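Visitor: Here are the chains, one letter per residue:
Number of protein chains: 2
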Amino acid sequence: VGIIGLGLMGGSLALALRPYCRSICGHDIDSRVIDQALDRGLIDQPIELSGDQVDVLILAAPVIAILDWLDRSPSMFGGEFHVIDLGSTKAQIVAAMRQLPERISPLGGHPMCGKETSGLGAADPDLYRRCLFVLAPLDRTQPATLTLAQDMIAAIGARSLLLDADRHDRLAAAISHVPYLTSLALVDATLRANDDVAWAMAASGFRDSTRLAASDVTMMLDILTSNRAAILESLVRVQSSLHDLIQLVDGNDVTALRDKLIVLQERRRNL
Amino acid sequence: VGIIGLGLMGGSLALALRPYCRSICGHDIDSRVIDQALDRGLIDQPIELSGDQVDVLILAAPVIAILDWLDRSPSMFGGEFHVIDLGSTKAQIVAAMRQLPERISPLGGHPMCGKETSGLGAADPDLYRRCLFVLAPLDRTQPATLTLAQDMIAAIGARSLLLDADRHDRLAAAISHVPYLTSLALVDATLRANDDVAWAMAASGFRDSTRLAASDVTMMLDILTSNRAAILESLVRVQSSLHDLIQLVDGNDVTALRDKLIVLQERRRNL
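Keeping their order, the protein sequence lines are chains A and B.
Quick note: the first sequence uses the working numbering, first residue 1, plus one each step.
Quick note: the second sequence uses the working numbering, first residue 1, plus one each step.
Calculated directly from the structure, the hints in this document are not laboratory data.
On a predicted model such as this, the values are computed, not experimentally measured, just so you know.
It is possible that some hints are incorrect.
If chains are identical, the list can't say which one is meant, so a pair holds when it fits in one copy or spans any two.
Stated by the list, open to error - Derived lysine to aspartate or glutamate pairs resembling EDC-like cross-links, with alpha carbons at most 16 Å apart:
(1) K260 with D216
(2) K115 with D208
(3) K260 with D124
(4) K115 with D44
(5) K260 with D195
Input sequences plus hints: build the corresponding full structure.
Guide: Structure (structure tokens):
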């Protein structure tokens, strides 16, 4: 198994897959991270980037970097192999996977887990436990690749769900990318309020509501640019929901407001 | 000490104050909660609601209920005493406190802590540890009342901060009440997206971003109605911040977007 990108996701995957693999090799744009991964025993060796042989290539990088690796991998890795990515958006990646030579069997993937912290230092073999791992197969994905991915997902304690790439991206916009933007807007608006006591007063409610604003910037920037259309569409729905709530608050119809709050409280509590 | 309202806040305060009080009496609109508080030894006895003597009366209820208790307390409790409230908004409560007879020394308060769960069952003697406890003194607040409140706050492990009621309400709108509304809007918009897979895909990011939507409805309803003006003003700032972010995403100026994300990430990480 070759893992490209030894940050939180790739590093955690290396740790979780360790007991099941004959050999794990890895690569990172930061050569010090490769050294750390070797020191900690996460990988057996660095990937040789010219002519190396891998059975499974896992791309665990931000979306734009994954697109770049998909472009370069045919000239880097010989023979037949599976390629699975862990990118946060799927439509552009799956489109790029369609261009791969036939000897490579591609499969889109996105584990729905994460942490406020990023990087190899935060890697955790239990990161994937009980997480939902979305798989977005292509028409050309070989059955053996799908089976292998599902076995891998079971081995690391996650659950797999097959989803069309476009549907994944629409849903990820609603439950992840737009919450990132509202989280940023809350921090930005609090900065604009221009009263430093606000930060001292911020308790767990503000911390939780804005946790996503602390996400890795490169990862999020790639998400915002590669899933722009779905995000803007989903954002319109949130703005409309917010507008309706404001109308209820402003309109002083306490009964209607209470009914709405109860429905949304119920829905959130059932999560 | 008499505590009105034996939910999460009042119950936790009773537990935390236990070692420091000669006697704690309590009241709740739900008589079964009073029985539970007696059974668990949180209070020594129920408050007698006609002519009982208290040294300190603590109002730990939703805002509208606190306003009601302030109205009724002079006819219920004889002699001189301090009254301190734990309400989520301060302007209306402090205004009502101004109307109390002179034998009662009032002080507005708001501990900036909470939990997703509410009720006596969630009461925790450590709830107030390291929390910021805002005090909003009135001109007529006696120095002894302020000293007593500060001693109490130190005893339960919290830190006190003196703030004008209006400033408290503006800041609370920014860091708590508006995040509640955005949290509701995220849940509402996901319901409108009308694809149940969204809920299965929702991971820690969505959970955190929407945690406030699960807050106690009566408490939040009172906040929304008693702090309407500050909330609407703060919401305008959030909508404007969101609009600016959308422009950056839509405008494809990756450098400007990255710079903005880095500033907000930094600010959130320094929280």
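Visitor: A separate judgement is required for each hint: does it hold in the structure or not?
Guide: A quick look at each hint next to the structure:
no., hint, in the structure
1, K260 with D216, "between (34 Å within a copy, 13 Å between copies)"
2, K115 with D208, "both (12 Å within a copy, 11 Å between copies)"
3, K260 with D124, "neither (40 Å within a copy, 30 Å between copies)"
4, K115 with D44, "neither (26 Å within a copy, 45 Å between copies)"
5, K260 with D195, "neither (32 Å within a copy, 20 Å between copies)"
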